[in-house]
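Colleague: Protein chains in written order, with our numbering: chain A, 13 to 177; chain B, 13 to 177.
Be a bit skeptical, because a hint or two may be false.
Only pairs whose alpha carbons sit at most 20 Å apart, straight line, appear in this in silico SDA-like list of lysine to any residue [said to hold, decoys possible]: (1) K77/A with K25/B; (2) K32/B with R42/A; (3) K77/A with V27/B; (4) K77/A with S160/B; (5) K93/B with S127/B; (6) K77/A with L88/B; (7) K77/B with K32/A; (8) K32/B with G36/A; (9) K138/A with K77/B; (10) K77/B with K93/A; (11) K55/A with F159/B; (12) K77/B with H173/A; (13) K32/A with I20/B; (14) K55/B with R21/B; (15) K93/A with H173/A; (16) K77/B with K77/A; (17) K55/A with S160/B; (18) K32/A with A35/B; (19) K93/A with S127/B; (20) K77/A with F159/B.
Derived by calculation from the structure, the hints in this document are not laboratory data.
Number of protein chains: 2
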Amino acid sequence: MASNTFGIREGEKTVELPAKTDAGVYFIGRIRTPWKTRDACPKNARESDAVCIVEIDPRFREGLKDVETCSHLVLLYWMDKSPRNLVLQVPGHYGTQHGTFALRSPARPNPVAMSVVRLLRVEDGKLVVSGLDCLDGTPLIDIKPYFSSTDSVPEAVVGWHQRKD
Amino acid sequence: MASNTFGIREGEKTVELPAKTDAGVYFIGRIRTPWKTRDACPKNARESDAVCIVEIDPRFREGLKDVETCSHLVLLYWMDKSPRNLVLQVPGHYGTQHGTFALRSPARPNPVAMSVVRLLRVEDGKLVVSGLDCLDGTPLIDIKPYFSSTDSVPEAVVGWHQRKD
Numbered sequence: 013m014a015s016n017t018f019g020i021r022e023g024e025k026t027v028e029l030p031a032k033t034d035a036g037v038y039f040i041g042r043i044r045t046p047w048k049t050r051d052a053c054p055k056n057a058r059e060s061d062a063v064c065i066v067e068i069d070p071r072f073r074e075g076l077k078d079v080e081t082c083s084h085l086v087l088l089y090w091m092d093k094s095p096r097n098l099v100l101q102v103p104g105h106y107g108t109q110h111g112t113f114a115l116r117s118p119a120r121p122n123p124v125a126m127s128v129v130r131l132l133r134v135e136d137g138k139l140v141v142s143g144l145d146c147l148d149g150t151p152l153i154d155i156k157p158y159f160s161s162t163d164s165v166p167e168a169v170v171g172w173h174q175r176k177d
Numbered sequence: 013m014a015s016n017t018f019g020i021r022e023g024e025k026t027v028e029l030p031a032k033t034d035a036g037v038y039f040i041g042r043i044r045t046p047w048k049t050r051d052a053c054p055k056n057a058r059e060s061d062a063v064c065i066v067e068i069d070p071r072f073r074e075g076l077k078d079v080e081t082c083s084h085l086v087l088l089y090w091m092d093k094s095p096r097n098l099v100l101q102v103p104g105h106y107g108t109q110h111g112t113f114a115l116r117s118p119a120r121p122n123p124v125a126m127s128v129v130r131l132l133r134v135e136d137g138k139l140v141v142s143g144l145d146c147l148d149g150t151p152l153i154d155i156k157p158y159f160s161s162t163d164s165v166p167e168a169v170v171g172w173h174q175r176k177d
């Protein structure tokens, strides 16, 4: 089945999106990575130890106070190159149909990605991190401290994915 | 120092927000919780085993296919009652000043909360979950499968918070 990078594959399904959005996001910075095309991005952040730079707009830099005391952060960013109307998808590397909300695909009604990154250091209002797999220039929308007490669940299972192993 | 629920405290700092937002989000559902006021919400999701209901709009329900195979999910939701212009905050329960990006406060440039929840069951296009601490009626913006391989970091440390223990 032919498809372009973001084309619709057999087994995929789109819906009509609402006529308008309900709230607005500000891009608060940009993520600098070594990957200039989607094909060049690692399939999974664990495949890469690449060092990436998170640039924060000067307006918001004071919000970084004490971030340097965190070993890990949650980054939220906006995958603005993705279609938003897919509810069923057949990811190329799996070849089977799954609901959008059972996938981490960038194609989703709100293309907000969540990545847990290791913070290497803070320099001049920039974060130096590892653990990202996104395109160079991706817009940043939030930085949060990672609390193992609430965010870490080592025993969590994604059943459909486990069966593919 | 007097303050109302979302007032500015001594030691807090606001910035002027950009003139316009850069992208729009759709509210894809609503979260039903037992808490009708901010004061009633648990301070931390771990303090509560309350069962909450995540309602997905019919338009997007097919996207739930295979979500039932996940033990845990990441929910992203929109904390639409919070100011967005704070860069330094003095949370009442800590009493010390921290940057917005070192806090999980709902007050942030983009009020997107991230919670890891346990999925109890899926019923008629609704998710029954535990591990939430948000207001009843909070708008939902995304559901993602929680992958322990990339999302779980048991050894993560938030230095400024640890020193408060």
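Colleague: Would you mind marking each hint as holding or not holding in the structure?
Modeller: Verification of the hints:
For the suggested pair K77/A and K25/B, the alpha carbons sit about 12 Å apart, so the restraint of at most 20 Å is met. For the proposed pair K32/B and R42/A, the alpha carbon gap of about 17 Å is at most 20 Å, so the pair holds. For the suggested pair K77/A and V27/B, the alpha carbons sit about 15 Å apart, so the restraint of at most 20 Å is met. Annotation: proposed proximity of K77/A to S160/B is violated, straight-line Cα distance about 29 Å (limit 20 Å).
Under the criterion of a C-alpha separation no larger than 20 Å, the hint pairing K93/B with S127/B is consistent with the structure, at around 17 Å. Annotation: proposed proximity of K77/A to L88/B is violated, straight-line Cα distance about 24 Å (limit 20 Å). Pair hint K77/B plus K32/A does not hold up; C-alpha atoms about 25 Å apart against a cutoff of 20 Å. With a CA separation close to 8 Å, the supplied pair K32/B and G36/A stays within the 20 Å bound.
Among the hinted pairs, K138/A with K77/B is inconsistent with the structure: their alpha-carbon atoms are about 39 Å apart, more than 20 Å. Among the hinted pairs, K77/B with K93/A is inconsistent with the structure: their alpha-carbon atoms are about 24 Å apart, more than 20 Å. The hinted pair formed by K55/A and F159/B meets the criterion: a straight-line CA distance of about 14 Å does not exceed 20 Å. Taking the CA atoms of K77/B and H173/A, the gap is about 13 Å. The hint holds against a cut of 20 Å.
Between K32/A and I20/B the alpha-carbon distance is near 32 Å, which puts this suggested pair outside the 20 Å criterion. For a cut-off of 20 Å, the pair hint linking K55/B to R21/B stands: about 19 Å separates their Cα positions. Restraint check: the Cα-Cα separation between K93/A and H173/A comes to about 25 Å, which exceeds 20 Å; the hinted pair is violated. Between the alpha carbons of K77/B and K77/A the distance comes to roughly 41 Å, so the proposed pair goes past 20 Å and is violated.
Of the pairs offered as hints, the one joining K55/A and S160/B holds, with about 16 Å between alpha carbons and a cut-off of 20 Å not exceeded. Note on K32/A and A35/B: the hinted pairing holds, with a Cα-Cα distance of about 11 Å set against a maximum of 20 Å. With a C-alpha separation of about 25 Å, the suggested pair K93/A and S127/B falls outside the 20 Å cut-off, and the hint is violated. Restraint check: the Cα-Cα separation between K77/A and F159/B comes to about 29 Å, which exceeds 20 Å; the hinted pair is violated.
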